[in-house]
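Engineer: Using the hints provided, position chain B relative to the given structure of chain A.
There are 2 protein chains.
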Amino acid sequence: MTALLDALRTLVGPANVLTRDSHGDLSAWERDWRKRWHGQALAVVRPGSTAEVAAVVQACAQHGVAIVPQGGNTGLVGGGVPDKSGSQVLLSLQRLNRVRATDPANLTMTVEAGMVLQAVQQAAADAGLLFPLSLAAEGSCTIGGNLATNAGGTQVLRYGNARELCLGLEVVTAAGEVWSGLSGLRKDNTGYDLRDLFIGSEGTLGIITAATLKLYPQPAASLTALASTASLEQCVGLLGLAQARLGAGLTGFEVMNTFSLQLVRRHFPQLAQPLAAAPWTVLLEYADADGEAGARSRFEGLLEAALDQGLIGDAAVAESLAQSAGLWHLRESIPLAQSEEGLNVKHDIALPVSAIPAFCQRTDAALLAAIPGVRLVNFGHLGDGNLHYNVQCPEGGESLAFLATHEAAINRIVYDAVQACGGSFSAEHGVGALKLQEMATRKSPVALGLMRAIKQALDPQGRLNPGRVV
Amino acid sequence: MTALLDALRTLVGPANVLTRDSHGDLSAWERDWRKRWHGQALAVVRPGSTAEVAAVVQACAQHGVAIVPQGGNTGLVGGGVPDKSGSQVLLSLQRLNRVRATDPANLTMTVEAGMVLQAVQQAAADAGLLFPLSLAAEGSCTIGGNLATNAGGTQVLRYGNARELCLGLEVVTAAGEVWSGLSGLRKDNTGYDLRDLFIGSEGTLGIITAATLKLYPQPAASLTALASTASLEQCVGLLGLAQARLGAGLTGFEVMNTFSLQLVRRHFPQLAQPLAAAPWTVLLEYADADGEAGARSRFEGLLEAALDQGLIGDAAVAESLAQSAGLWHLRESIPLAQSEEGLNVKHDIALPVSAIPAFCQRTDAALLAAIPGVRLVNFGHLGDGNLHYNVQCPEGGESLAFLATHEAAINRIVYDAVQACGGSFSAEHGVGALKLQEMATRKSPVALGLMRAIKQALDPQGRLNPGRVV
Numbered sequence: 001m002t003a004l005l006d007a008l009r010t011l012v013g014p015a016n017v018l019t020r021d022s023h024g025d026l027s028a029w030e031r032d033w034r035k036r037w038h039g040q041a042l043a044v045v046r047p048g049s050t051a052e053v054a055a056v057v058q059a060c061a062q063h064g065v066a067i068v069p070q071g072g073n074t075g076l077v078g079g080g081v082p083d084k085s086g087s088q089v090l091l092s093l094q095r096l097n098r099v100r101a102t103d104p105a106n107l108t109m110t111v112e113a114g115m116v117l118q119a120v121q122q123a124a125a126d127a128g129l130l131f132p133l134s135l136a137a138e139g140s141c142t143i144g145g146n147l148a149t150n151a152g153g154t155q156v157l158r159y160g161n162a163r164e165l166c167l168g169l170e171v172v173t174a175a176g177e178v179w180s181g182l183s184g185l186r187k188d189n190t191g192y193d194l195r196d197l198f199i200g201s202e203g204t205l206g207i208i209t210a211a212t213l214k215l216y217p218q219p220a221a222s223l224t225a226l227a228s229t230a231s232l233e234q235c236v237g238l239l240g241l242a243q244a245r246l247g248a249g250l251t252g253f254e255v256m257n258t259f260s261l262q263l264v265r266r267h268f269p270q271l272a273q274p275l276a277a278a279p280w281t282v283l284l285e286y287a288d289a290d291g292e293a294g295a296r297s298r299f300e301g302l303l304e305a306a307l308d309q310g311l312i313g314d315a316a317v318a319e320s321l322a323q324s325a326g327l328w329h330l331r332e333s334i335p336l337a338q339s340e341e342g343l344n345v346k347h348d349i350a351l352p353v354s355a356i357p358a359f360c361q362r363t364d365a366a367l368l369a370a371i372p373g374v375r376l377v378n379f380g381h382l383g384d385g386n387l388h389y390n391v392q393c394p395e396g397g398e399s400l401a402f403l404a405t406h407e408a409a410i411n412r413i414v415y416d417a418v419q420a421c422g423g424s425f426s427a428e429h430g431v432g433a434l435k436l437q438e439m440a441t442r443k444s445p446v447a448l449g450l451m452r453a454i455k456q457a458l459d460p461q462g463r464l465n466p467g468r469v470v
Numbered sequence: 001m002t003a004l005l006d007a008l009r010t011l012v013g014p015a016n017v018l019t020r021d022s023h024g025d026l027s028a029w030e031r032d033w034r035k036r037w038h039g040q041a042l043a044v045v046r047p048g049s050t051a052e053v054a055a056v057v058q059a060c061a062q063h064g065v066a067i068v069p070q071g072g073n074t075g076l077v078g079g080g081v082p083d084k085s086g087s088q089v090l091l092s093l094q095r096l097n098r099v100r101a102t103d104p105a106n107l108t109m110t111v112e113a114g115m116v117l118q119a120v121q122q123a124a125a126d127a128g129l130l131f132p133l134s135l136a137a138e139g140s141c142t143i144g145g146n147l148a149t150n151a152g153g154t155q156v157l158r159y160g161n162a163r164e165l166c167l168g169l170e171v172v173t174a175a176g177e178v179w180s181g182l183s184g185l186r187k188d189n190t191g192y193d194l195r196d197l198f199i200g201s202e203g204t205l206g207i208i209t210a211a212t213l214k215l216y217p218q219p220a221a222s223l224t225a226l227a228s229t230a231s232l233e234q235c236v237g238l239l240g241l242a243q244a245r246l247g248a249g250l251t252g253f254e255v256m257n258t259f260s261l262q263l264v265r266r267h268f269p270q271l272a273q274p275l276a277a278a279p280w281t282v283l284l285e286y287a288d289a290d291g292e293a294g295a296r297s298r299f300e301g302l303l304e305a306a307l308d309q310g311l312i313g314d315a316a317v318a319e320s321l322a323q324s325a326g327l328w329h330l331r332e333s334i335p336l337a338q339s340e341e342g343l344n345v346k347h348d349i350a351l352p353v354s355a356i357p358a359f360c361q362r363t364d365a366a367l368l369a370a371i372p373g374v375r376l377v378n379f380g381h382l383g384d385g386n387l388h389y390n391v392q393c394p395e396g397g398e399s400l401a402f403l404a405t406h407e408a409a410i411n412r413i414v415y416d417a418v419q420a421c422g423g424s425f426s427a428e429h430g431v432g433a434l435k436l437q438e439m440a441t442r443k444s445p446v447a448l449g450l451m452r453a454i455k456q457a458l459d460p461q462g463r464l465n466p467g468r469v470v
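Top line first, the protein sequences correspond to chains A and B. Using full-length UniProt numbering, you'd call the opening residue of the first sequence number 1 and step up by one each time. Using full-length UniProt numbering, you'd call the opening residue of the second sequence number 1 and step up by one each time.
Looking at chain A on its own, in the form it has when it is part of the complex (with noise of 0.2 Å):
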C-alpha cells in the first residue's frame, strides 16, 4: 500500500493525502455525524479537481484499492465512511467547491459536487435566483452528496427532490475516465438516462464531480401559517384543498403530532407556540410570483375556507418574516427535541398521501399493543407522503435499554405496516449501510437482480462504495 500511498501523494500533493501516521485523528472522515459507524481508513485523500478525482480512481484501480466518496459526511445511514479494514482509500470531494458557470437567462448554475448546499444557495440568491433545495444540514452537506443520496428536504412539494433539480453531471467511472454529462437542457432525449441513474446510487456506480442545476425566480412574496387539526384526515384533506387553491404556490405542508411539540415545549421551553396544542399542527407554506398583498389574501382565503369547511380548528399566519422563520424553528427544533429526551428508533418512510391516515391508525395501535405507553415523534413532510415515524420509549423509561430489547420488532412492525401499504422504507435517506436488510428482504428480487446487474455492468470489479445499497 505504500506504493498506491506514494502515487497518490504525486497525483494530489503531500498535503491532500491523510493518513493516521501523518495527520493523527481522522474521525472528522472515518465517522458519521451521528456516531453510528466509526471505520478506518488507509487514507483520506483530497483531490482538487476533476482530473485528479479520476486520476485517483485509476491509482486505486491499479492496486485493487477500494474508494469511499464522502461529500460534507451529514448522511443519516451511513453511506459515506469507511469500514474497519484500514483498506479503503476515503475520497472527499471538499477541495471541488467552485461555481463553474451561472446563466441567469438559462436559469442554470453549474456547480462541483463539493460546495456546500448552503454557498449553492447563496450564489443562486447573489444572481438573484433561486436554487429551492433546503434541508437542516445545509449550513455542511454538499450538493454532490445531496445528488449522490438524491435528498429531500422542506420544498419538495412544489420543487422536487435533488434529482428534479439537477439538469446535468459530470461523473468519474470506475474506471477512472470522466462522463462530461453537464448540460444546461431542459430535454433531451438521447439514449439512456444516465443522470438518473447516477443521481440516488450513493456513489457506488461513479463518483459524481459537477452538476448542471435548475434554478427558478425568487417568489415575490412567502407566507407560512400554522393550522391546527383533529386527525390526519383533516390534514390530507386541508392539503388537497390548499393544492387546489394555491397551486404550485403551495411550497411546504408540514405536519406534527402531540407529542412531536409537547418535546419541543419540555425541551425549548422559550419557544412560543402560538397554537393551543391539538392531535395534529400543521405548517404550510405560500410562495406567490405576485406582490405581498394579493398573496396574503389568497393565503388567508384558504384557511378561511378550511375553518368553514370545518378541516382545522385554528390557524395563525405570521405577521412578520421573524415569524415565519419562528414557525419554521418551531418545526425544525422536534429532532433537536428528541435527541435530548433520549435516543430513539426513527423512520423515514414514505406513503401515499391518501394511505397516511389509516397507516397511522394502525401502526399507532399495533406499537402501542406491543409495547404499551410508548410514545410516537410522528412529524414530517406530508405534503410528500414522507413520515418521520419516530419510536420513543414510555415516559421514564431508559432509552439504550428500549433500544436494545424493541428496535428490531418496532422496525418489524413499521415496515410490514409500510409495505402493506405500498411504501418505502426510505424516503429521503437512502440506504447506506443501514438499511441493507430491509433492502434485501423487501425489495422485489427483480429489482434487486436489475440492480445488481447494473452494478455490475458499471463497476465490475466493485470498487466503489462497497457493502453500500445493493
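Please note that the accuracy of each hint is not assured.
Listing some non-contacts, in silico: residues in chain B with all C-beta distances to chain A over 12 Å [what the hints assert, rightly or not]:
(1) D6
(2) A66
(3) E202
(4) E292
(5) E304
Facing chain B, a subset of chain A residues (Cβ under 8 Å, in silico) [to be verified]:
(6) D188
(7) A248
(8) D290
(9) G291
(10) A293
(11) H429
Hint data in this document are derived by calculation from the structure and do not stem from the laboratory. Beta carbons: idealized from backbone N, C-alpha and C, even for Gly.
Structural biologist: The following block gives chain B in isolation, referenced to the frame of chain A:
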C-alpha cells in the same frame, strides 16, 4: 418459426397473432405513420395482460426471436416498426388499455401502457383532475409509448416531460420477468432509479406495461395570448419576465418565426391571424389556481410591462375559450402547413435558452450561405429551449430533389452548431433508427460505453428492439 407462432397463439389466442398469411396487410403496424420505414414482421402479437406480455417475451427468448414493442405507432424516428427481415415479433401493447386505479387524494392514477394519451387525459378529467402531458398525436399515441420515448409537448415548461409525470412503472424485462415498480410515492430512495432508466429507453431495456402517473388540480383559469417581437433576444427577455412575474403559472411559451406563420397563411387562409406579421410571434399560456378576474389582471399586467420595456410590439389576449383554441390552432397548423408546402429537413433540437438567439443567427446565416434562398420554418417550445428548426427548399424549388442533394449537408451544419452550443440533436423525439448515426458520432465515447454496458447487462441477448438507440 411455426413452433413459436403456435406457442404464441396458445398464449394470447389465435385472434391476437396476426400474420401476413392469416390477416393480409399488416402495414398499420409495420409502417411508421410518416411512411419513412416499412418493415415486415414475423407476426403482430397483441397480448391482453402483463402476464401475457411476459409469456410472449419468454416464448420469443426460447426461440431466439427479437421483439419490437409498439404503442400507437406515432413515433417520428422509426423506433417502433420491425426491420425488413420478417423475423421479428411486433408486440403491440394496445390491448392493455385499462385504468387500474385512481387515487385523487394522492393525485395519482395507474394506467396500462396501451391507453391512448387522450383517454388518459379524459380519465383524469373525469376524476376532476389534470394529466398535463399534451402533444399533437394525443388522439392516437399511447402512454406507454410516451414514457418509452420520454415525450415532451406543449406544457413541459410547467409540468416537465413524460419522465417528470411518472412515479412508478411495471415493466417486463428481457428475461420475461415482471418488475412491479408501480408506486404512488413522491419520495423513494431505495436503490437505483430503475424507473428513469426504462423511461426514454425506447423499448430496448424492457417493455413498459403500466405506469403510475402524477395528476394535478385543474387550474381555475387558463388564458392565452399572442405577442409579437422583433427578435429572438426579445423573446428570451419576454420569457424571463414572464417566469419572474407568473412563476409556475406560465404553462406554455411557444415561438413562431415569420415564415412559419406565412406558411399557415398560404395553406390555411381561413385561419385568423390577429397580429400583423413580425419577425417572431410568441404564444403564451397562463394557468391560475385563483379565479378568472385576478388571472386576467396578472396576465395583462405582464404584457403591459413587456410593452413598457420594449420587449414586444403588440399583443392580443384571447377573450374566450374559442379564441384561445384559435391561437393554439395557429401554432398547431405549422407542421401541416409545412407538409402542404412539401417535404423538408426536420430537426428537433434543444439548446440552453440563453444560447438560442446566437445559435439561430449563426446557423441561419450558414445555411443561407450554403444554399441561397433556403427557407427556415423555425418554431417550437422556447420555454424548454426546444426548437423545431426545419429547412425548406427555396421558393418554387422541388422538395425531393432538394432533400436528395442537401439533406446530409444541412444536417451537418445544424448538428455541428447544436453541438458547439452544448445542445441536443434530439430534444423530445428520441433516437430510434433515424438518429443512430448522430448517436455514434456525437455522443461521447464514455456515454456510449456506459449505455452499451447497461444494454448488455439488462438485455444480454439483444432481443429487445435491436438496432435502436445504441
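Engineer: Which hints, by number, does the structure contradict?
Structural biologist: 3, 9 and 10
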